[in-house]
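Heads up: the sequence lines are chains A and B, in that order. Under UniProt numbering, the residue at position 98 of the first sequence is numbered 98, and the numbers go up by one with no gaps. Under UniProt numbering, the residue at position 565 of the second sequence is numbered 565, and the numbers go up by one with no gaps.
Treat the hints with care, since some could be wrong.
[Said to hold, decoys possible] Keeping only pairs whose Cα atoms sit at most 25 Å apart, straight-line, the calculated SDA-like set for lysine to any residue is:
| hint | chain 1 | residue 1 | chain 2 | residue 2 |
| --- | --- | --- | --- | --- |
| 1 | B | Lys570 | B | Asp535 |
| 2 | A | Lys51 | B | Lys564 |
| 3 | A | Lys60 | B | Met61 |
| 4 | B | Lys350 | B | Arg287 |
| 5 | A | Lys89 | B | Asn51 |
| 6 | A | Lys56 | A | Ala40 |
| 7 | A | Lys89 | B | Gly78 |
| 8 | B | Lys145 | B | Lys303 |
| 9 | B | Lys149 | B | Asp126 |
| 10 | A | Lys131 | B | Lys105 |
| 11 | A | Lys112 | B | Val611 |
| 12 | B | Lys453 | B | Ala479 |
| 13 | B | Lys49 | A | Lys131 |
| 14 | B | Lys97 | B | Lys310 |
| 15 | B | Lys49 | A | Glu110 |
| 16 | B | Lys310 | B | Lys453 |
| 17 | A | Lys56 | B | Met137 |
| 18 | A | Lys56 | B | Lys453 |
| 19 | A | Lys68 | A | Arg123 |
| 20 | B | Lys303 | B | Lys275 |
| 21 | A | Lys89 | B | Asp535 |
[As the list claims (entries may be wrong)] Coverage of chain B stretches by chain A, computed from C-beta distances (three or more under 8 Å per stretch; other residues unrestricted):
| hint | stretch |
| --- | --- |
| 22 | 125-133 |
| 23 | 286-292 |
[What the hints assert, rightly or not] Cβ pair distances, simulated, as ranges:
| hint | chain 1 | residue 1 | chain 2 | residue 2 | range |
| --- | --- | --- | --- | --- | --- |
| 24 | A | Thr34 | B | Gln35 | 54 to 62 Å |
| 25 | A | Glu2 | B | Ser788 | 23 to 31 Å |
| 26 | A | Asp67 | B | Gly168 | 19 to 27 Å |
| 27 | B | Phe406 | A | Glu2 | 17 to 25 Å |
| 28 | A | Arg123 | B | Ala417 | 29 to 37 Å |
| 29 | B | Met713 | A | Ala62 | 36 to 44 Å |
Quick caveat, the hints were computed from the structure, so don't treat them as lab data. Just so it is clear, CB atoms sit at the ideal spot from N, CA and C, and this is done for glycine as well.
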Amino acid sequence: MEMTGSRTIEAPRDAVWDALLDPEVLKQCVPGCTEMSGNADEGFEATVVQKVGPVKATFKGAVTLDDKVRPESLTISGEGKGGAAGFAKGGADVTLREEGDATVLDYRVEAKVGGKLAQLGSRIIDSFASKMADQFFNSFKEAVEGPSAPEGEADDAAAPVEAQKEKKGWFGRKKAAT
Amino acid sequence: MPKDGGIGSSTKRREDVRFLSGTGRYTDDINLHGQLYAHFVRSDVAHGKINGINADAAMAMPGVVRVFTAKDFEGVGGVPCGWQITSIDGSPMQEPKHPVLAEGKVRHVGDPIAVVVAESLGQARDAADALEIDIEMLPAVMDMKEAIKDGAPKVHDDLSSNLCYDWGFVEDNKDAVAKAIADADHVTTLELVNNRLVANPMEPRVAVGDYDMANDEHTLYTTSQNPHVIRLLMGAFVLGIPEHKLRVVAPDVGGGFGAKIFHYAEEAFCTFAAKQLRRPVKWTSSRSEAFMSDAHGRDHVTKIELAMDKDNNFTAIRTETYANMGAYLSTFAPSVPTWLHGTLMAGNYKTPLIYVNVKAVFTNTVPVDAYRGAGRPEATFQLERVIDKAARERGVSPIELRRQNFITEFPYATPVAVEYDTGDYHATMDRVLEMADHAGFEARAEQSKKNGKLRGFGIAHYIEACGIAPSNLVGQLGARAGLYESATVRVNATGSISVMTGSHSHGQGHETSFAQVVSEMIGIDATQVDIVHGDTSKTPMGMGTYGSRSIAVGGSAMVRATEKIIAKAKKIAAHLMEASEGDIELKDGQFTVAGTDKSVAWGDVTLAAYVPHNYPLEDIEPGLEETAFYDPANFTYPSGGYACEVEVDPDTGKVDVLSFSAADDFGNVINPMIVEGQVHGGVAQGFGQAMMENCAYDADGQLISASYMDYAMPRATDLPMFKVDHSCQTPCTHNPLGVKGCGEAGAIGSPPAFVNAVIDALHRGGHKVEHINMPLTPDRVWTAIQNS
Numbered sequence: 001m002e003m004t005g006s007r008t009i010e011a012p013r014d015a016v017w018d019a020l021l022d023p024e025v026l027k028q029c030v031p032g033c034t035e036m037s038g039n040a041d042e043g044f045e046a047t048v049v050q051k052v053g054p055v056k057a058t059f060k061g062a063v064t065l066d067d068k069v070r071p072e073s074l075t076i077s078g079e080g081k082g083g084a085a086g087f088a089k090g091g092a093d094v095t096l097r098e099e100g101d102a103t104v105l106d107y108r109v110e111a112k113v114g115g116k117l118a119q120l121g122s123r124i125i126d127s128f129a130s131k132m133a134d135q136f137f138n139s140f141k142e143a144v145e146g147p148s149a150p151e152g153e154a155d156d157a158a159a160p161v162e163a164q165k166e167k168k169g170w171f172g173r174k175k176a177a178t
Numbered sequence: 001m002p003k004d005g006g007i008g009s010s011t012k013r014r015e016d017v018r019f020l021s022g023t024g025r026y027t028d029d030i031n032l033h034g035q036l037y038a039h040f041v042r043s044d045v046a047h048g049k050i051n052g053i054n055a056d057a058a059m060a061m062p063g064v065v066r067v068f069t070a071k072d073f074e075g076v077g078g079v080p081c082g083w084q085i086t087s088i089d090g091s092p093m094q095e096p097k098h099p100v101l102a103e104g105k106v107r108h109v110g111d112p113i114a115v116v117v118a119e120s121l122g123q124a125r126d127a128a129d130a131l132e133i134d135i136e137m138l139p140a141v142m143d144m145k146e147a148i149k150d151g152a153p154k155v156h157d158d159l160s161s162n163l164c165y166d167w168g169f170v171e172d173n174k175d176a177v178a179k180a181i182a183d184a185d186h187v188t189t190l191e192l193v194n195n196r197l198v199a200n201p202m203e204p205r206v207a208v209g210d211y212d213m214a215n216d217e218h219t220l221y222t223t224s225q226n227p228h229v230i231r232l233l234m235g236a237f238v239l240g241i242p243e244h245k246l247r248v249v250a251p252d253v254g255g256g257f258g259a260k261i262f263h264y265a266e267e268a269f270c271t272f273a274a275k276q277l278r279r280p281v282k283w284t285s286s287r288s289e290a291f292m293s294d295a296h297g298r299d300h301v302t303k304i305e306l307a308m309d310k311d312n313n314f315t316a317i318r319t320e321t322y323a324n325m326g327a328y329l330s331t332f333a334p335s336v337p338t339w340l341h342g343t344l345m346a347g348n349y350k351t352p353l354i355y356v357n358v359k360a361v362f363t364n365t366v367p368v369d370a371y372r373g374a375g376r377p378e379a380t381f382q383l384e385r386v387i388d389k390a391a392r393e394r395g396v397s398p399i400e401l402r403r404q405n406f407i408t409e410f411p412y413a414t415p416v417a418v419e420y421d422t423g424d425y426h427a428t429m430d431r432v433l434e435m436a437d438h439a440g441f442e443a444r445a446e447q448s449k450k451n452g453k454l455r456g457f458g459i460a461h462y463i464e465a466c467g468i469a470p471s472n473l474v475g476q477l478g479a480r481a482g483l484y485e486s487a488t489v490r491v492n493a494t495g496s497i498s499v500m501t502g503s504h505s506h507g508q509g510h511e512t513s514f515a516q517v518v519s520e521m522i523g524i525d526a527t528q529v530d531i532v533h534g535d536t537s538k539t540p541m542g543m544g545t546y547g548s549r550s551i552a553v554g555g556s557a558m559v560r561a562t563e564k565i566i567a568k569a570k571k572i573a574a575h576l577m578e579a580s581e582g583d584i585e586l587k588d589g590q591f592t593v594a595g596t597d598k599s600v601a602w603g604d605v606t607l608a609a610y611v612p613h614n615y616p617l618e619d620i621e622p623g624l625e626e627t628a629f630y631d632p633a634n635f636t637y638p639s640g641g642y643a644c645e646v647e648v649d650p651d652t653g654k655v656d657v658l659s660f661s662a663a664d665d666f667g668n669v670i671n672p673m674i675v676e677g678q679v680h681g682g683v684a685q686g687f688g689q690a691m692m693e694n695c696a697y698d699a700d701g702q703l704i705s706a707s708y709m710d711y712a713m714p715r716a717t718d719l720p721m722f723k724v725d726h727s728c729q730t731p732c733t734h735n736p737l738g739v740k741g742c743g744e745a746g747a748i749g750s751p752p753a754f755v756n757a758v759i760d761a762l763h764r765g766g767h768k769v770e771h772i773n774m775p776l777t778p779d780r781v782w783t784a785i786q787n788s
């Protein structure tokens, strides 16, 4: 299973890069993430609750950021063990390029599942992974731009409610703080 | 209870009274005092190194009695393999150790790593979640052809490669076959896959281990087709328990289809743990577990070449097959692609030269072993498919091409080492064409065309070798067991009879059909005869039920024992009537003296045997109980013609099976209703393989068809009414009942008939599709149409 996609984020490339390395942003954007600790250099520990078809599980695992070429590209990979439910692994190759004032984020995502998840959920795993990737990058765009970004796109409508709670995006808050 | 008749009557199955009223006693119904529950923790990766297992947290969970890992099985044998194959170069097959619990490495999804034993199943499962297992994933070995290339990752590090064996048969014919193919007027070649299947008996596997400390006796209750085989394998090779201290009971068993022949690690575990913990230990497989721990079936990749002369006479057959063994060798796995497959490559046809090459390969998948038909469906499928393709290439009728090459003289020694004793293939072909109204097909095809559908007619003719098997022969072929069968006929004082048979019934209806035979021989009502099976403490050493052997081998043992009973009873009757033994006749339960009106009843004789007041004690012992072991002189060779009519929707690829006809020659038939039921079940399973079922792994070795959402089992609504006939009968020449066996025929003969029908339909619609790999799902059929 491999998916590709891209998002245009109304923020400078350095700001998008910083956001990608921020555990708070990751926690907010990883769908179903209830806990996230650690840092970009040593990796993060995460707890994610997800339901894949008939299997609901709490995944505990690690998220690492590798091959970091600031501010152009990095690889996000995660592996979670869900006990009796099996395991899930995923990775995203992310590249950032400037387009005017905005940043275009291209991604290529790969997902794998094992154990009961594969046995019961294989038919739906592709659409599930695709949905997860969509949610992550929509939330990320949202988190960076804030919900009231000037040129809001249709994608925003699909963004989860939690992400919309924040009045201002990560980029806006950072700007306000400086 | 229905009244039983004798041989040839469609007596209703007496066992169905308890099955249908919910009073059957299956292994899971057995609950022992103080019983504990085992939960197996299984690998969720296909291939990995076990770096460590920490059970501390799990041990502290409520109700947990003990957590077992491979460490607990140091000094315990591995699960043995019962058949050795020798490679072309003379070397024995590579035989890896199959530990009860994974040692160091896991080798397939479902490989057991640890077992939590707790007071309740819920507690065992909860604690399993707390086990910390550190597994480092290794690359999975999945594709057979890749697996045997140099440098491929190895399933077993201590073996030289993933190649289990490379078998050539008959090796002496190899060059002659090659020459015949080179010299042929025409050679038809077909490459195909025989899809991996999951047996899916309705009752999942269960094991209950018990240990009697006072007498140092072990009892295993298990869902087995052959309790004595389990006793031998587990007692002698795994746990080291002598037979007199080990009892194996297989009570009512809800279907086996081959998957319950084999000795499984869970059986050894429960027996072992019961002694360790001094309490009974029970394991019941969940359906998900069954998908990844019951032995799978088939999984061959084959190339077949059929050579013909200018008149379309078959001159040679050459096949090359890759057979998937899975991660370990299951009990009879090596025999399936070899002796149960290569020996059947002649089919019904007089092809003078045949060469079969089989490469058996280890992969990171569930072990593969015998599944209904075992090797013979794989042989029949490739042969019957390549003949259809050859007929098309030569522009002749597939029916006539078959007829032209049929064997017509018996006995017939094939070039692949077996001798067919009897058969009449033209008769079954005639019969099936009549049943299927082949003459009216073209008119029906026209009608379908008007409706925008493509109608096809598929024919297949099969032979199989069953009633397995002559022990001296299979011994030469590498079997590590004999394949006789046993029966003890115990006549009670009042004349009723208990027959203790080594055969095992798990859906076949032995309790009815076996009683029909004995009651007919003696002339008493069948309700006076009980069939006892499935308990090593009750029955003589028997080899169990598989390979359509029960009536041909087990039934023959029962006949031999009953003959001994009758011979002794006649001696007693002669004494009672003061007549010569040679003048005594037994008819309808009465002994008479020929030419006189003297008679004594069966019950008088049996009473005299146990109350021997007036009895020839100087000549014979009291009592009336006899045992016989029967070792067959040859295999039996059922054969038949199968015809299938389908309609394909060219827009969607959906196939409707409109009719299916089966004309089988099973020799003599004991209970026609049961035979019909066996054919129905076999054809339904053949349909499942051909049209719906597929056990699928992804490239990482994840089993992705491990529930009924993804593994499509046929349902009644998917199938037409089958027309079944067994009026063509050429009785077996070498067993006393003249029977051949009928349990697997449907699953052997039907898959090529289904596929041939679909390919025929596509050609009639102008789509030049030569082959579609099973199952012929709408997706595959539609894709083939688009690519044609």
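Hint by hint, here is what the structure shows:
{"no.": "1", "hint": "Lys570/B x Asp535/B", "verdict": "violated (31 Å)"}
{"no.": "2", "hint": "Lys51/A x Lys564/B", "verdict": "violated (67 Å)"}
{"no.": "3", "hint": "Lys60/A x Met61/B", "verdict": "holds (20 Å)"}
{"no.": "4", "hint": "Lys350/B x Arg287/B", "verdict": "violated (45 Å)"}
{"no.": "5", "hint": "Lys89/A x Asn51/B", "verdict": "holds (19 Å)"}
{"no.": "6", "hint": "Lys56/A x Ala40/A", "verdict": "violated (28 Å)"}
{"no.": "7", "hint": "Lys89/A x Gly78/B", "verdict": "violated (34 Å)"}
{"no.": "8", "hint": "Lys145/B x Lys303/B", "verdict": "holds (13 Å)"}
{"no.": "9", "hint": "Lys149/B x Asp126/B", "verdict": "violated (43 Å)"}
{"no.": "10", "hint": "Lys131/A x Lys105/B", "verdict": "violated (35 Å)"}
{"no.": "11", "hint": "Lys112/A x Val611/B", "verdict": "violated (76 Å)"}
{"no.": "12", "hint": "Lys453/B x Ala479/B", "verdict": "violated (50 Å)"}
{"no.": "13", "hint": "Lys49/B x Lys131/A", "verdict": "violated (33 Å)"}
{"no.": "14", "hint": "Lys97/B x Lys310/B", "verdict": "violated (52 Å)"}
{"no.": "15", "hint": "Lys49/B x Glu110/A", "verdict": "holds (24 Å)"}
{"no.": "16", "hint": "Lys310/B x Lys453/B", "verdict": "violated (36 Å)"}
{"no.": "17", "hint": "Lys56/A x Met137/B", "verdict": "holds (24 Å)"}
{"no.": "18", "hint": "Lys56/A x Lys453/B", "verdict": "violated (44 Å)"}
{"no.": "19", "hint": "Lys68/A x Arg123/A", "verdict": "violated (34 Å)"}
{"no.": "20", "hint": "Lys303/B x Lys275/B", "verdict": "violated (50 Å)"}
{"no.": "21", "hint": "Lys89/A x Asp535/B", "verdict": "violated (48 Å)"}
{"no.": "22", "hint": "125-133", "verdict": "holds (count 3)"}
{"no.": "23", "hint": "286-292", "verdict": "holds (count 3)"}
{"no.": "24", "hint": "Thr34/A x Gln35/B: 54 to 62 Å", "verdict": "violated (39 Å)"}
{"no.": "25", "hint": "Glu2/A x Ser788/B: 23 to 31 Å", "verdict": "holds (30 Å)"}
{"no.": "26", "hint": "Asp67/A x Gly168/B: 19 to 27 Å", "verdict": "violated (51 Å)"}
{"no.": "27", "hint": "Phe406/B x Glu2/A: 17 to 25 Å", "verdict": "violated (53 Å)"}
{"no.": "28", "hint": "Arg123/A x Ala417/B: 29 to 37 Å", "verdict": "violated (45 Å)"}
{"no.": "29", "hint": "Met713/B x Ala62/A: 36 to 44 Å", "verdict": "holds (39 Å)"}
Hint check: violations occur at hints 1, 2, 4, 6, 7, 9, 10, 11, 12, 13, 14, 16, 18, 19, 20, 21, 24, 26, 27 and 28; the rest are consistent with the structure.
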